[in-house]
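Q: Here's the letter readout for the chains.
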Amino acid sequence: MRTIEQYLPDHPFFAGLDPKAVAVVAACATNVSFKTGEFLFREGQSADQFFVVRRGRVALQVHGPAAGTMVVDTADAGDVVGWSWLVPPYHWLFDARAVEPTGAVSFDGACLRDKCEQDPQLGYELMKLVTHVMFNRLVAARVRLLDLYGTTKSTNPLLSPLLSETVISHPGATDAAPS
Amino acid sequence: MDDIRGMVLLLPGLQLLIDVLRESGWTVRGPTVRDGVVVHAEIESVDQLPAGVGDLQDGASYRLRERGDGAVFGYVVGPQGWKSLLFPSRELLWSGHRTGTEVDVEPADVDAPRLALLGVRSCDLHALEIHDTVLAKRAVPDAAYLSRRENTFIIAVTCSDPGGTCFCVSMGTGPVPDKDFDLTLTELVDQEGHRFLVQPGSDRGEHVLDELMTRAVGDEVLNAARTDRCAAALVGSKAAQRMGRSLDTDGLRDLLYANAEHPRWDDVASRCLACTNCTLVCPTCFCTSVEDVSDLSGTQTERWRVWDSCFTNDFSYLHGGSVRPSVRSRYRQWATHKLASWVDQFGTSGCVGCGRCITWCPAAIDITAEVGAIRSGEG
Amino acid sequence: MLRQAEGRHMLPGGAMVPRLFRLADRRQDTADTFTMMLEPTDGVPLEFIPGQFTMMSAFGIGEVPISVSSPAKVEGPLQHTVRDVGSVTHALARTQIGDVVGIRGPYGTGWDVEDGAGADVVLVAGGIGLAPLRPAMLDVLRHRQRYGRVVLLYGTRTPEDLLFTDELKRWENLGVEVLVTVDYGTPSWTGRVGLVTTLIARAGFDPRSALALVCGPEVMMRFTAMALIKRGLSPDRVRVSLERNMRCGVGLCGHCQYRELFVCLDGPVLPYARVAGLIGVREL
Ligand SMILES: Cc1cc2nc3c(=O)[nH]c(=O)nc-3n(C[C@H](O)[C@H](O)[C@H](O)COP(=O)(O)OP(=O)(O)OC[C@H]3O[C@@H](n4cnc5c(N)ncnc54)[C@H](O)[C@@H]3O)c2cc1C
Ligand code: SF4
Ligand code: SF4
Chain G
0 MRTIEQYLPD HPFFAGLDPK AVAVVAACAT NVSFKTGEFL FREGQSADQF
50 FVVRRGRVAL QVHGPAAGTM VVDTADAGDV VGWSWLVPPY HWLFDARAVE
100 PTGAVSFDGA CLRDKCEQDP QLGYELMKLV THVMFNRLVA ARVRLLDLYG
150 TTKSTNPLLS PLLSETVISH PGATDAAPS
Chain R
0 MDDIRGMVLL LPGLQLLIDV LRESGWTVRG PTVRDGVVVH AEIESVDQLP
50 AGVGDLQDGA SYRLRERGDG AVFGYVVGPQ GWKSLLFPSR ELLWSGHRTG
100 TEVDVEPADV DAPRLALLGV RSCDLHALEI HDTVLAKRAV PDAAYLSRRE
150 NTFIIAVTCS DPGGTCFCVS MGTGPVPDKD FDLTLTELVD QEGHRFLVQP
200 GSDRGEHVLD ELMTRAVGDE VLNAARTDRC AAALVGSKAA QRMGRSLDTD
250 GLRDLLYANA EHPRWDDVAS RCLACTNCTL VCPTCFCTSV EDVSDLSGTQ
300 TERWRVWDSC FTNDFSYLHG GSVRPSVRSR YRQWATHKLA SWVDQFGTSG
350 CVGCGRCITW CPAAIDITAE VGAIRSGEG
Chain F
0 MLRQAEGRHM LPGGAMVPRL FRLADRRQDT ADTFTMMLEP TDGVPLEFIP
50 GQFTMMSAFG IGEVPISVSS PAKVEGPLQH TVRDVGSVTH ALARTQIGDV
100 VGIRGPYGTG WDVEDGAGAD VVLVAGGIGL APLRPAMLDV LRHRQRYGRV
150 VLLYGTRTPE DLLFTDELKR WENLGVEVLV TVDYGTPSWT GRVGLVTTLI
200 ARAGFDPRSA LALVCGPEVM MRFTAMALIK RGLSPDRVRV SLERNMRCGV
250 GLCGHCQYRE LFVCLDGPVL PYARVAGLIG VREL
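Chains as they are written, first to last, in numbering that gives the first Met the number 0: chain G, 0 to 178; chain R, 0 to 378; chain F, 0 to 283.
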């Protein structure tokens, strides 16, 4: 298995980042793995991590009294999970659960934040990468809000509350999409 | 001009023409006044024609007037084109009968009476030609239209007194009929008297003229003199000078394509009632819908084709909503289709400049003014 | 003068008179979608090319455009996969085996998937959009050796809305890369959740030569085409299937007009390059 430093430049998220910068952020990273069903993090916990998925699949899920548990997004190899470490008060807004045996690189959020504060150039480069991913996820989330495939006669009772306006306009929901 | 055969008919000669056509099995449909409007009806006698009747036309306004002469074609065009005769507003396509799980489908018989259309204006001739292209010269033609069209005899007439909403000159469609007729008339009312120069445009027309010559007993049918031809030519050229409206068609297609988001469409939308009048009176509008009608038990079913209009919300309905929910986009669709996309689809403009949509719009919306505003960049 | 051209379909009611087909079998695909297997009452099979549609009549209710979902040039019943959304589709949903429905057509342009021979083929389906793509996929699989990599990217609203699930597995076994995603997942769903366009970056195909066939809601097709082009496909190698109100299927009723296009004649399948300038205009 390659070291984190060898692996990171090949990950789509870091593509194009200066190798020196990769080396700096790699210092905040450790390899982690999760068994099927294991949680990477849970809603409400303090968000001090950022995951780069190497293999497997992570489901981001939310639950509420009427809706039960709903998976709103998944992250596969090549994707990244979690930006609550960037936004005070650094608390997770979703659960992240491995739905397959999953390997990831976990970054220490505080460590990353520190490095960014010390080296604004690095910070800016990193923010550009994060923004890119956030942007794509936000667009995807917005398109999904259109409920393209039409009003459903699906038998799933969980769907209707999730789509109702009350949920969409919930204060947490703006951060919710690009979690 | 001397090489074109021509004759001069006096009013009794026109009656003889009607008689000859009727005796050859044609039902003559021509203009008559009803409820203050010039409409089409079956014509047996010249007395039914709108003698001495003219019209005043403007946006949202149509009034008949006394001309003070005996001209029978001195009006312009009424609300009806000839469209409804060849392309009825309701037409049965087929009927079905259900017995148990079995269904029999019986195609409708086409009713295609032999019709002689008397007094067809040049704009309407062009509209017929457009309908031939749109409905009949297609991969899958409208069979019923085709059979009716083949059973049509056309007596065109040159416009002598264009109306306030006419702009055929701009569209290159008038005012003098130039083709696609069996006979064409020019009505002359001057010191020489009230008469019609009649010229053939087809073999069928020639035969009818021969028949007229043989049947004439007095001087109701004469050979045309040079002076009659000159007078007739003047009728057309004078009319061409007196168009009530004009439309600059130069680069129109590209202009409208490039201005799909022009604020003028919002402006029209604030006035347009989406009443569909313009599409109903337009002689080239051809959109239809289908309706299923069945009896209570569901054993007897009929499918009808009915005129439809792009101004309705349902017109573009897809499950979940319409493609064009706003009046803005519907007016834009209509005008852009008439003047721009029609050219791509069928090789000509879809507007013949008859002015009906202007006259009969309750809001006096004027396609020439709307397009003019877009051209000049007005909001 | 106009003349009735020889050989044209010139019944008095013209091409507006349906042929009769009997429902031979029926499959409920999802809660609201079903497939009708239809046999012609006159024994003459309907010849069509993948991507074409017919006008289906429920007698006494009305007529709607529905794509053919069965393989072309293969013996067997005519198949239509229909989503029950309104009056006519609901009447079709209630049709019993042995009942008769009306069919006119086939109409419109096809996918012409043969143009992908020698290259990779990417099919992108959203929702019911997999049904019109199925004949194209089956065509490719029948001549598998002619094509490079074959990819199916398929998105639906929920896992329960996935069509042809058994077939998806079969296609996968035949070497098709099948990537599925849903908008909303249940905890038991272990597949992907997310927009179908996110699959484009993931799939293995060569964008320089690939042919992409896209079918789904218009907004989905727009985003998909943009993502494909961003990945390197040429806009004229991306084909979309448009949906418009249709009353005749033969360009006479005027309902399906999309500026200068008659979607029923010029489409429904069109190169994205042809519609790229129209698809972004509001309410065209
Ligand atoms: C080329 C083409 C292929 C299609 N293929 C399929 C398919 O394979 N499977 C499938 O389930 N659906 C397909 N559709 C959509 C299908 O035609 C509509 O779902 C259907 O017309 C809805 O009719 P309704 O009477 O049940 O609905 P209502 O909502 O009651 O609609 C009323 C009327 O509006 C019109 N209409 C409504 N929605 C549409 C629409 N989306 N497209 C065109 N006209 C519409 C119809 O004339 C309909 O009768 C296709 C549409 C097109 C244009
Ligand atoms: S658009 Fe108006 S002026 Fe033009 S042909 Fe139609 S009714 Fe006449
Ligand atoms: S333009 Fe005039 S006639 Fe046409 S729909 Fe609008 S209000 Fe009616």
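Among the hints, a few may not be true.
[To be verified] Below are the DSSO-like pairs computed for lysine-lysine, each with C-alpha atoms no more than 30 Å apart in a straight line:
| hint | chain 1 | residue 1 | chain 2 | residue 2 |
| --- | --- | --- | --- | --- |
| 1 | F | LYS72 | G | LYS19 |
| 2 | G | LYS114 | G | LYS127 |
| 3 | R | LYS178 | R | LYS136 |
| 4 | G | LYS127 | G | LYS19 |
| 5 | F | LYS229 | F | LYS72 |
| 6 | R | LYS178 | R | LYS237 |
| 7 | F | LYS168 | G | LYS34 |
| 8 | G | LYS19 | G | LYS114 |
| 9 | G | LYS127 | F | LYS229 |
Think of the hints as simulated: they come from the structure by calculation, not from any bench.
Q: Each of the hints needs a verdict: does it hold here or not?
A: Going through the hints against the structure:
Note on F/LYS72 and G/LYS19: the hinted pairing is violated, with a Cα-Cα distance of about 60 Å set against a maximum of 30 Å. Our distance criterion of 30 Å between C-alpha atoms is met by G/LYS114 and G/LYS127, whose separation comes to about 15 Å. A threshold of 30 Å between alpha carbons decides the hint, and for R/LYS178 with R/LYS136 the separation of about 18 Å falls inside it, so the pair holds. Annotation: proposed proximity of G/LYS127 to G/LYS19 holds, straight-line Cα distance about 16 Å (limit 30 Å).
Taken as a hint, the F/LYS229 and F/LYS72 pair is broken in the structure, with Cα atoms around 35 Å apart against an allowance of 30 Å. About 20 Å separates the Cα atoms of R/LYS178 and R/LYS237, which keeps this hinted pair within 30 Å; it holds. For the suggested pair F/LYS168 and G/LYS34, the alpha carbons sit about 25 Å apart, so the restraint of at most 30 Å is met. A distance of roughly 13 Å separates the Cα atoms of G/LYS19 and G/LYS114; the hinted pair therefore holds under the 30 Å criterion.
Between G/LYS127 and F/LYS229, the direct Cα distance comes to roughly 19 Å. Compliance with the 30 Å bound is thereby established for this hinted pair.
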